[in-house]
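Engineer: In case you want the letters, here they are:
Number of protein chains: 4
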Amino acid sequence: MVTVGIIGAGRIGKVHTESICNYVRNAKIKMVADPFMSEETEKWLKGMGVANTSKDYHEILNDPEIDAVLICSSTNTHSNISLEAIAAGKHVFCEKPIDHDLAKIKEVVKALEGSSIKYQVGFNRRFDHNFAAVKKAVVDGKIGETHIIKVTSRDPEPPSAEYAAVSGGMFLDMTIHDFDMVRFLAGCDAEEIYVQSAVLVDPAIGEAGDVDTAVITIKMENGAIAVIDNSRRAAYGYDQRAEVFGSKGMAATSNDTASSVVLSTQDGVTGEKPLYFFLERYMQSFATEVGCFIDAIENDTDTPLGVVDGLKPVLMGIAAKKSVEEHRPVKLSEIQY
Amino acid sequence: MVTVGIIGAGRIGKVHTESICNYVRNAKIKMVADPFMSEETEKWLKGMGVANTSKDYHEILNDPEIDAVLICSSTNTHSNISLEAIAAGKHVFCEKPIDHDLAKIKEVVKALEGSSIKYQVGFNRRFDHNFAAVKKAVVDGKIGETHIIKVTSRDPEPPSAEYAAVSGGMFLDMTIHDFDMVRFLAGCDAEEIYVQSAVLVDPAIGEAGDVDTAVITIKMENGAIAVIDNSRRAAYGYDQRAEVFGSKGMAATSNDTASSVVLSTQDGVTGEKPLYFFLERYMQSFATEVGCFIDAIENDTDTPLGVVDGLKPVLMGIAAKKSVEEHRPVKLSEIQY
Amino acid sequence: MVTVGIIGAGRIGKVHTESICNYVRNAKIKMVADPFMSEETEKWLKGMGVANTSKDYHEILNDPEIDAVLICSSTNTHSNISLEAIAAGKHVFCEKPIDHDLAKIKEVVKALEGSSIKYQVGFNRRFDHNFAAVKKAVVDGKIGETHIIKVTSRDPEPPSAEYAAVSGGMFLDMTIHDFDMVRFLAGCDAEEIYVQSAVLVDPAIGEAGDVDTAVITIKMENGAIAVIDNSRRAAYGYDQRAEVFGSKGMAATSNDTASSVVLSTQDGVTGEKPLYFFLERYMQSFATEVGCFIDAIENDTDTPLGVVDGLKPVLMGIAAKKSVEEHRPVKLSEIQY
Amino acid sequence: MVTVGIIGAGRIGKVHTESICNYVRNAKIKMVADPFMSEETEKWLKGMGVANTSKDYHEILNDPEIDAVLICSSTNTHSNISLEAIAAGKHVFCEKPIDHDLAKIKEVVKALEGSSIKYQVGFNRRFDHNFAAVKKAVVDGKIGETHIIKVTSRDPEPPSAEYAAVSGGMFLDMTIHDFDMVRFLAGCDAEEIYVQSAVLVDPAIGEAGDVDTAVITIKMENGAIAVIDNSRRAAYGYDQRAEVFGSKGMAATSNDTASSVVLSTQDGVTGEKPLYFFLERYMQSFATEVGCFIDAIENDTDTPLGVVDGLKPVLMGIAAKKSVEEHRPVKLSEIQY
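Taken in order, these protein sequences are the chains called G, B, Y and D.
Counting along the first sequence from 1, when you hit position 128 you're at 128 in the working numbering, and nothing is skipped either side.
Counting along the second sequence from 1, when you hit position 145 you're at 145 in the working numbering, and nothing is skipped either side.
Counting along the third sequence from 1, when you hit position 317 you're at 317 in the working numbering, and nothing is skipped either side.
Counting along the fourth sequence from 1, when you hit position 136 you're at 136 in the working numbering, and nothing is skipped either side.
Honestly, the hints are just simulated from the structure, not real lab data.
We put the CB at the ideal spot given by N, CA and C, even for glycine.
Do not take every clue at face value.
[Said to hold, decoys possible] Each pair of labels, with its calculated beta carbon distance range:
hint	chain 1	residue 1	chain 2	residue 2	range
1	G	D267	D	K55	52 to 58 angstroms
2	D	G47	B	E145	54 to 60 angstroms
3	Y	F36	G	D267	48 to 54 angstroms
The shape of chain G in the complex, shown without the other chains (with noise of 0.2 angstroms):
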């Protein structure tokens, strides 16, 4: 059984909290902190089971009974914690991104060095059924040599103008999972990333020095082309989905839905649309990633994704943004690391 304690008790923080104490049997949360702690939250939490809070993550970090932290904290904390978690001999979850400065999450690197400490990144759509089973077609031959890989990944709705201003930008807040996604599948890192991108959303986020739409080409080292299509609005809801080409085929997949239901009538035969909420599309796969955490700590074996799989798709964020700024291929090795 892993103790653990989480930092940061908003929406992921959450999800983090139902999905230890609903799935993963071996996990019990032993603190939950937030510095907003709400009444709330606290009172959700001891109907989750949670019987301690804090407004101080320290508190956490200074308990010796806790194997294991989860940073679920703003973006811009992220690697901070995770130094202070490693330094205090914490295992951590942190989620994405560990932070947008590469120098931090150089450190965070350094720190896991020679360490026996588990550190795993949340780039939770590896977990998800869909994308898992095609990365198992992949693995299991069933594509052959892949030679293209395809991810469309299309949100909701745009965010508000204030997260806009401090997520890093689309490519760093949105585009980032599917960085990881092509890496997933691909089996190998990105050698030279192009990006065509624009604004054609919300002129806002052009006003604030961000694009909203983008088709980003990859070059990956395996020699396969990944190309990524973005945007920030799909008046449909959100569009998730990904393809694989190979010598011997392609797996692909489509949209989850809340049923199978179709309608025929006389205006046409209509199908339920994805599933809007990026909670609701991924759930399973939070609670799997955590699981995955929890048993890599108690096999002691190596989580999925470490603290590289973390630097990586920030890397070729950069680069996205650098394409986008000097309107040519950007190679990764020109990205300062």
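Given chain G's structure and the hints, the job is docking chains B, Y and D onto it.
Structural biologist: Quick look at chains B, Y and D alone, frame taken from chain G:
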């Protein structure tokens, strides 16, 4: 908060335990009773947070703190324990069927007359996301007046000979769910049933006096025609579909799969088989039905599936058997009750 | 090169004219006869390359250069013209049904006994790409032994009252195609039929003594159970599906559409309705069936659909009517022939 | 009635012959010319009703009865024969591409200036039922403003080394259709092209200086981003899909198959592969495009695909080649014309 006791710690008893512990926030399980309670089960229950176990369900019935019981014991005990629980003033969730003996069901109906006790029968499929979405389309008027209802219900493999012997036969054991589904989708009762059946899956089933394949035509009281097709064995897994056709169109479901992955190779374009195991396929519906039961207690409303809804599919099963024996359409009014 | 004459220049006569002119390279049409031959039709025929027209089909029967005739006249003339054509030594392609009167069909059967004349009946759906592919899967052993056959056949709109009056009723006019489909897919004859029917689409149909909605259960001679569901009006168009379920699996078709385009918007994910008009839906099958007829003549082989295949669905239709009248399952052996 | 001559009796010449004979009622073929006209082809043409053949296409150009010619000869003759035909006053349907040499295309453009001659280029896919339906959805405003266009175009097998040598390379031979599709779906021209390409299918293609796999990103003049993914070999057949995503939603097509049959067995749920051969897949579009050409002549309207539409995809192909060579995004305005 509703305090419940669970009678029976077999497969379905465990499913309900898990559902309540994980999803039903307004209920807690005080005790689980089973005459064959094993150490392993006790340990599992502890892990789920259930403190008390017993080999005698009377401990549950006699506990004044327990508001409601879930009867998950073997079929032949359902009606008697229902009667005892009602006498003890407990609300009752009873797994299907209440009994194969109409006289016993009648006793339960009588015991509930004029009582304020909530009684719900475990026809879980009404709560399944797909079938509930079909029902919603019907209720919302999307298909107009209902003309034809089709239910396909095929098991992935036939029951053991031992189980078949005590199950009451295919119509009372398996089709009973489809009889309920037809009533649910039609929003009314059956008037007449005709069965064309055969032994095509396993001759041993025929030797035991049962059938394993059937097409059942039902005239509903609202004039619609329903048809159920059953097989005890679909090579591709658990086939669970429904289609409602009416004056304005059709609402239809397809099977659920583990993922949406489709593999295109020189051998064809292949998706996953339907989910094989009923607990996996209907997991969500089991949680939802128990949540509805607890809500009905808390809010003092009718349960969505009362004792009469438990009775009617048994009547239909008996009419179906009579149709096979006498090789003719049988009116529900012919069945003595 | 087979020289043919076409008797009847109505809708179906024109379809066959077009098929032969466009697709059937080993046949040429020498003459088309129709008592109501219009100038417009004559002009259209000229455009198709048909030089000769007549108001009297005997001109065709008496022309020694004509090898074969296609009988596309009104239903009540099919058997008599068949008899005349056989007497004239012409090969015959006869639109379904040969007759509603079994005695008349019997005369045609007798006339063909010992003769070398090719006779084919126009159950075109056997030649449809979808249904032929289901049949192929069955014949190739892909589904093992057949257990259940399901045919959904729903028209986009009911016939006019005038047509219904002379059509012989739904079972002989519309379901007759489905009776043939069931025989085709099962590879054997029907043994017993039970009908549950209703008037739900149009009361006028009921007043005319017919039904417009039916579920028909058929026991096949090989032990399989077939079920047909019919409606005279599907709001979403022409619904034509089949499903064969057996010991090793299931082969099923879906409807054809004008394109595969799917539109995803905030209103849902919507594909096209089934092709509405039977001539559009079955265009390919009409060409294929006539090609097979011509090939049978050229190669001196049996036609794929002989006079007995024309008889059997009529027997089934009569049994179905009897089942409605007497409200019981009716054996095919009860129908005097 | 438009009288046409067909120049070239190879594969595509025969397709157009068949289309006109079978479907285009307002045209008749007077002559087919081919320097390698074989007896077999002459016989086939007779069977189709084409009386005159020649080994010299000038016979067609010099025939005053012939209104229009279809140029179906080898690619390197297209522009010269176009010029001759225009000089002879014939309307011209020219197979794609007009030429690989922009100067030659320019000559054709000039020759048509101020002339009343109808000129159409054979980008047949615009007339395909699926792609035309996507276009219609766009034009009807169903998806709002266009943001992203995706075209998947993968051949079932690579061309022979001989063909590849004279084809102009993948971008001018194969992708040229997709360049046209992108222009068609966007309703505007391309502004800039970036190609990421590779040799993954066959090293011999690389040795010949060409590529066999590519992802091509295109900035369109209306601000939309288009992306084409190409492979010379899809193991599952001819993969031809498009998707247009915009402010109000998405319109997408899937591949056409020979039937809709789906087989469910213990091995999975398997549908048919895409139609393998381009003539089979696009048969309908070939007939429709020629019909439109003839109609434009009869009604004296513009053809749907003029000489400029023939030019632009060649410009795009040349820009694509330059992007590969210089490994950077290339503006269309950089291509000298």
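Engineer: All hints are to be evaluated individually against the structure, with a verdict given for each.
Structural biologist: Hint-by-hint comparison with the structure:
1. D267(G) x K55(D): 52 to 58 angstroms: The hint (52 to 58 angstroms, Cβ to Cβ) holds, given that D267(G) and K55(D) are roughly 57 angstroms apart.
2. G47(D) x E145(B): 54 to 60 angstroms: holds (55 angstroms)
3. F36(Y) x D267(G): 48 to 54 angstroms: Check failed, 39 angstroms falls outside 48 to 54 angstroms.
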